[in-house]
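Q: Sequences listed follow chains A and B, in order. Under this note's numbering, the residue at position 65 of the first sequence is numbered 398, and the numbers go up by one with no gaps. Under this note's numbering, the residue at position 72 of the second sequence is numbered 405, and the numbers go up by one with no gaps.
Heads up, a few of these hints could be off.
The list cannot tell twin chains apart, which means a pair is met if one copy fits it or any two copies do.
Said to hold, decoys possible - Using 30 Å as the maximum straight-line C-alpha spacing, the simulated BS3-like pairs for lysine-lysine come out as follows:
1) 479 / 361
2) 346 / 501
3) 536 / 658
4) 627 / 386
5) 386 / 599
6) 598 / 501
7) 346 / 414
8) 422 / 536
9) 520 / 338
Bear in mind the hints are in silico, worked out from the structure with no lab data behind them. Here the structure is a predicted model, which means the values were calculated and not measured.
Number of protein chains: 2
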Amino acid sequence: MPVAKKIQASIEKSSWIRKMFEEGMVRKAKYGAENVFDFSIGNPNLEPPAKFKEVLRDLAADTTAGIHGYMPNAGHLEARKAVAEYLSKHNRQAFGPDDIVMTVGAGGGLNVVLKTILNPGDEVIIPSPYFVEYNFYLDNHQGVPKLVSTRPDFSLDFDAIERAISEKTKAVLIDSPNNPTGKVYSKQDLDTLGNLLAAYSRKRGEPIYLVSDEPYRKIVYDGIAVPSVFDAYPETFVITSFSKDLSLPGERIGYAAVHPAISDKKSVMGGMILCNRVLGYVNAPSFMQRAVSKLLEESVDISLYQKKRDMLCNGLADCGYEFTKPGGAFYLFPKTPIPDDVAFVSALQEENILAVPGSGFYGPGHMRIAYCVDDRTIEKAMPGFERVIKKYKKG
Amino acid sequence: MPVAKKIQASIEKSSWIRKMFEEGMVRKAKYGAENVFDFSIGNPNLEPPAKFKEVLRDLAADTTAGIHGYMPNAGHLEARKAVAEYLSKHNRQAFGPDDIVMTVGAGGGLNVVLKTILNPGDEVIIPSPYFVEYNFYLDNHQGVPKLVSTRPDFSLDFDAIERAISEKTKAVLIDSPNNPTGKVYSKQDLDTLGNLLAAYSRKRGEPIYLVSDEPYRKIVYDGIAVPSVFDAYPETFVITSFSKDLSLPGERIGYAAVHPAISDKKSVMGGMILCNRVLGYVNAPSFMQRAVSKLLEESVDISLYQKKRDMLCNGLADCGYEFTKPGGAFYLFPKTPIPDDVAFVSALQEENILAVPGSGFYGPGHMRIAYCVDDRTIEKAMPGFERVIKKYKKG
């Protein structure tokens, strides 16, 4: 076999999101893009804020020498200072630039953190349903995912987490607001998780880390604020990107931050900076580091996503779909009216509606609807959603 | 231990280039930056070409919807088309956009290719001295470096390569113009290498790949042109970046291209696109993809580097240093007058001259001088170079 065995197997499996994407291509070619209602991918449909475009123009006109050259692998000091100041304002801790590594998006940041902490065979506990790309990220560094279920409303199940802790547990990986459920974990739940991990860390004399993937932190509704993970537990890494809140997923810019009081910080930060380099990222793209450091308090107009969520939730509730109304992100994760989510999603396809089976996120009996789309798409898809549920409810 | 054992070990070892960088910081603080002659790092001192700055301004003013969003993981079709057209012009093969993956620099491209092809324990033959960062890139994917020496003029030693081929050999990894030696491999040598690999590939019924890292291809002197690696062998990957020829190392933009006739192209390309995604790069930075696709025939003024090379070579030759005059890149790899290159480089440090011991590149008894620096730095360092060699030659 010419390519690595594992890679060949992964190509053959492909991902559900990918399959839907390809199905969508075929259907768009056949029926016209405007007649296919594509809820399959989390590609924000809102344009970056006006201020981003201003900053871009200013930076493009900047002729300072060396600004496209190498910098410390952790990133521009100015960018890290800006992030540290932002985090100090929004958490109880005082962050410095040396607590931050600028990264190639959250995908880059997660790989940097996981490579830093994982020995081969180390386990990472992940509440499911979850973003299955994490499986690849763990496998890149020979880590092992240990899935634990969440409660019916997708909140954390502490008994399940406690049962999953073993000698090999290196970290718990959470994502709030969650992809695919939109769940935002409460402050109380984060505190409980922090206390649980602190107790086990003390017992073993070595930290179990909390790794928090937070690209949707700013995308929350109904006045909800995502509680600080740093405030809940000191042995914490937060990874985020500007992909969703500034609508820049193609630009690959984000950062990883550590709690200022994390144990053995020198090794941890030294490891992260080394891993950022040796994984081939070297550093986060310079131009975008400079851009986002001027935009830390900015975001797209979140009320527009809230409007989409409400249109979708109201429409689907009227048709008889059941779901937990999400507090954040731009995903809805309704129950499929039949247990076979793959069959149900196929039936939606016949109406040119593209969703992703919940099984693709280890959440069978559900489907993910990414509603970061035109309002019109939500509106026009509704009759199809209704016809399909009626077909199954009748039976 | 909080961080992974391997990472802890790597932090403690650090790299020679890094050590020199840190020594440089200390000396610059103590003696003033203008009195420290830093030849330790390949950070191009020339600014990007004027046309790059024009293109950047145009792109920053572009308000097309979705241009900062996700695209296929392989990169923008327009960027891949432009690269394919460029490669078709400069090689004998006809490339298409599906032969190209846009990458996060050459570091990203190399990791994508290596993850695509390497099973754990697979060996990669590397002629030394070489860019030791390759060790990390191989280790990321559980590959094993098999070093082979080059001839005294740093050209390929085919007997050594042939002796190194085993059942586990998956690829030969070359870099021409070479870092750290500046060597450009001849067309005849590439043809010989291609024939050798073709013979072994036929024998085993499976290709041994040629992986060619070419970030310095455009940085060549005295009318030398770097021969096409694609023309020499079909089972070939070429990885490059715009870091050196457009002076954009901080922007992390490059590409990986496969020979249009590579075996099992569907698996190979599918694997590369998957690996670009799952390694957390996702895609190369969108903005820079669009920039470089308009700048494929551009480069900084190479004659300025040639002038630096000549100043350095003439100066060092006059002092009595011995070296092979490099045909490309911006590195000189002279012999150290004593076998202990670390001791010699330390003596240069006492003159505030920072070079990197050849041992750091598996080329002991040499040192690397990165001359992508101000002309003034070369000029002012020369008396120090002379004093140090005199001290040792006298002895």
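Q: Work down the list of hints and note, for each, if the structure agrees.
A: How the hints compare with the structure:
{"no.": "1", "hint": "479 / 361", "result": "neither (38 Å within a copy, 49 Å between copies)"}
{"no.": "2", "hint": "346 / 501", "result": "both (28 Å within a copy, 26 Å between copies)"}
{"no.": "3", "hint": "536 / 658", "result": "neither (38 Å within a copy, 62 Å between copies)"}
{"no.": "4", "hint": "627 / 386", "result": "both (12 Å within a copy, 21 Å between copies)"}
{"no.": "5", "hint": "386 / 599", "result": "neither (37 Å within a copy, 39 Å between copies)"}
{"no.": "6", "hint": "598 / 501", "result": "within (21 Å within a copy, 39 Å between copies)"}
{"no.": "7", "hint": "346 / 414", "result": "between (42 Å within a copy, 28 Å between copies)"}
{"no.": "8", "hint": "422 / 536", "result": "neither (33 Å within a copy, 65 Å between copies)"}
{"no.": "9", "hint": "520 / 338", "result": "neither (44 Å within a copy, 34 Å between copies)"}
Hint violations for this structure: numbers 1, 3, 5, 8, 9, all remaining hints satisfied.
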